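Chemist: Given the coordinates of chain A, assemble chain B onto it according to the supplied hints.
2 protein chains.
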Amino acid sequence: MAKRNIKLILEYDGSGYHGWQRQNRETTIQLLIEEKIRIMTKESVKLIASGRTDAGVHAFYHVCNFITSSQIDPPSFKRGLNALLPEDIFVKQAEDVPIDFHSMYDTESKTYEYRILNQEDPDVFLRLYSWHIPRHLDRDEMRKCLSLLCGEHDFSSFKSTGSGNLNPVRKMMRAEIHEPGKGLLHFIFEANGFLRHMVRNIVGTVVEVGQGKIGFNDFVAIFQAGDRAKAGIKAPPQGLFLIDVRYPGM
Amino acid sequence: MAKRNIKLILEYDGSGYHGWQRQNRETTIQLLIEEKIRIMTKESVKLIASGRTDAGVHAFYHVCNFITSSQIDPPSFKRGLNALLPEDIFVKQAEDVPIDFHSMYDTESKTYEYRILNQEDPDVFLRLYSWHIPRHLDRDEMRKCLSLLCGEHDFSSFKSTGSGNLNPVRKMMRAEIHEPGKGLLHFIFEANGFLRHMVRNIVGTVVEVGQGKIGFNDFVAIFQAGDRAKAGIKAPPQGLFLIDVRYPGM
Chain A
1 MAKRNIKLIL EYDGSGYHGW QRQNRETTIQ LLIEEKIRIM TKESVKLIAS
51 GRTDAGVHAF YHVCNFITSS QIDPPSFKRG LNALLPEDIF VKQAEDVPID
101 FHSMYDTESK TYEYRILNQE DPDVFLRLYS WHIPRHLDRD EMRKCLSLLC
151 GEHDFSSFKS TGSGNLNPVR KMMRAEIHEP GKGLLHFIFE ANGFLRHMVR
201 NIVGTVVEVG QGKIGFNDFV AIFQAGDRAK AGIKAPPQGL FLIDVRYPGM
Chain B
251 MAKRNIKLIL EYDGSGYHGW QRQNRETTIQ LLIEEKIRIM TKESVKLIAS
301 GRTDAGVHAF YHVCNFITSS QIDPPSFKRG LNALLPEDIF VKQAEDVPID
351 FHSMYDTESK TYEYRILNQE DPDVFLRLYS WHIPRHLDRD EMRKCLSLLC
401 GEHDFSSFKS TGSGNLNPVR KMMRAEIHEP GKGLLHFIFE ANGFLRHMVR
451 NIVGTVVEVG QGKIGFNDFV AIFQAGDRAK AGIKAPPQGL FLIDVRYPGM
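Top to bottom, those sequences are chains A and B. Counting with this note's numbering, you get residues 1 to 250 for the letters of the first sequence. Counting with this note's numbering, you get residues 251 to 500 for the letters of the second sequence.
Just chain A, with the same shape it has in the complex:
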């Protein structure tokens, strides 16, 4: 039987999961979807993903793919998986792609959004979808920090301490703050790749500048030091959303 390569576009609420990646004994999103594909295809498949999200992190647009010999057409994959998956994971699209498409290696850019609720009172409906910071944040100072990040840089200062010896150079295309109202701040980051916890480490450090705990010059020094130990705190996971993944010519 000819092999096919199926690409899935997913949306999920990460609140109830131990992140994307397969782990022992923990319920992960990857594990659940692989299990449902196995039910549909009678094959054991391995999902390749555009990236991994940590526990509590969400996705409006996550891309993954798998190789199968199944004859099931893409709309039936979408319908069938959505019937089998719990309500907090949704397959927005399924499609046949070239057999050599790889949702991780072929990525052109990924975009993350980090949501902060910056007002005195919390919002019970946003507790799983934002980081509540009661104290006022200085938007101008934070924007100055973000403007430094665009372009090709060594992001070692913002990588997780346990993230190994990967090349720490990434190209950042966008680093912006949007203010949609109601006390919300949406940080948007688009880059050709992200180091582990990079968005959360950047946001945590930029917030310290916004609070006046450290100055803009300190931020510059932290960024240039290339040393994670010098940077600020890691922002909590529930404010983070993967919102786009782009591939060349797709």
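In short, the hints are calculated from the structure, not lab data. None of these values were measured; they are calculated from a predicted model. Certain hints may be false.
[Unchecked claim] For each label pair, taking beta carbons as the anchor points, the in silico distance ranges come out as:
1. B:A305 to A:E95: 36 to 44 Å
2. A:E176 to B:A479: 52 to 60 Å
3. A:H178 to B:E358: 33 to 41 Å
4. A:P180 to B:M423: 50 to 58 Å
[Said to hold, decoys possible] Partner residues are not named here, just some residues of chain A that face chain B (Cβ under 7 Å, in silico):
5. Y12
6. G16
7. F101
C-beta: ideal position from N, C-alpha, C; glycine also.
Modeler: Quick look at chain B alone, frame taken from chain A:
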């Protein structure tokens, strides 16, 4: 010690609770708050509420009050209760009110919002906060139904079958549909009081008109019949939000 009457304005996500009212062995919002007040005041208090919400129903603005001999000032009640309560319940305000204020009997009007997501695909982030209806709903036909409801009427057709012999006449001041975009329909109902499940029964029946399952004339007949058995289905709880409670001169 002089008795005081404390009014609380609450916000809560009802997803994790068996509704507002105290029940045996079930976790209800009333029970939790009474317990936290007892911890603060060392008194056993009875919370009086502007109304009861069912399991899964939410509130942006719920009013309750309790009588106490405690000397704790209102800001300390707000701060203390919020420190003790879980993150899905929030006390927005606490204030001293006249000793004879009663949050249920003194109500001038209450406003409910019912949220429907009317698009083919569901939204994982709205699954606990809306009713997903994939099939297109005819807004004009639904608005015709709602316009009938304003004014003083016998709402027996939309009361829950087990709701007893309360006077079924209520005065509806507003019955509207708002369209904030992204496939959302927000039904707004303001009345001087609501029968049990009245909003959900109205929405369920109006949706049947919107889907073309029954016609506008059928809706008129159902409303006039005064018989719950003739009406449509009851809309699910998770789309319902209590959004305002008004008192004369407050």
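Chemist: Decide, hint by hint, whether the structure agrees.
Modeler: Now the hints, each set against the structure:
no.	hint	in the structure
1	B:A305 to A:E95: 36 to 44 Å	40 Å, holds
2	A:E176 to B:A479: 52 to 60 Å	56 Å, holds
3	A:H178 to B:E358: 33 to 41 Å	39 Å, holds
4	A:P180 to B:M423: 50 to 58 Å	31 Å, violated
5	Y12	6 Å, holds
6	G16	11 Å, violated
7	F101	24 Å, violated
Checked against the numbered hints listed earlier, the structure breaks hints 4, 6, 7; every other hint is satisfied.
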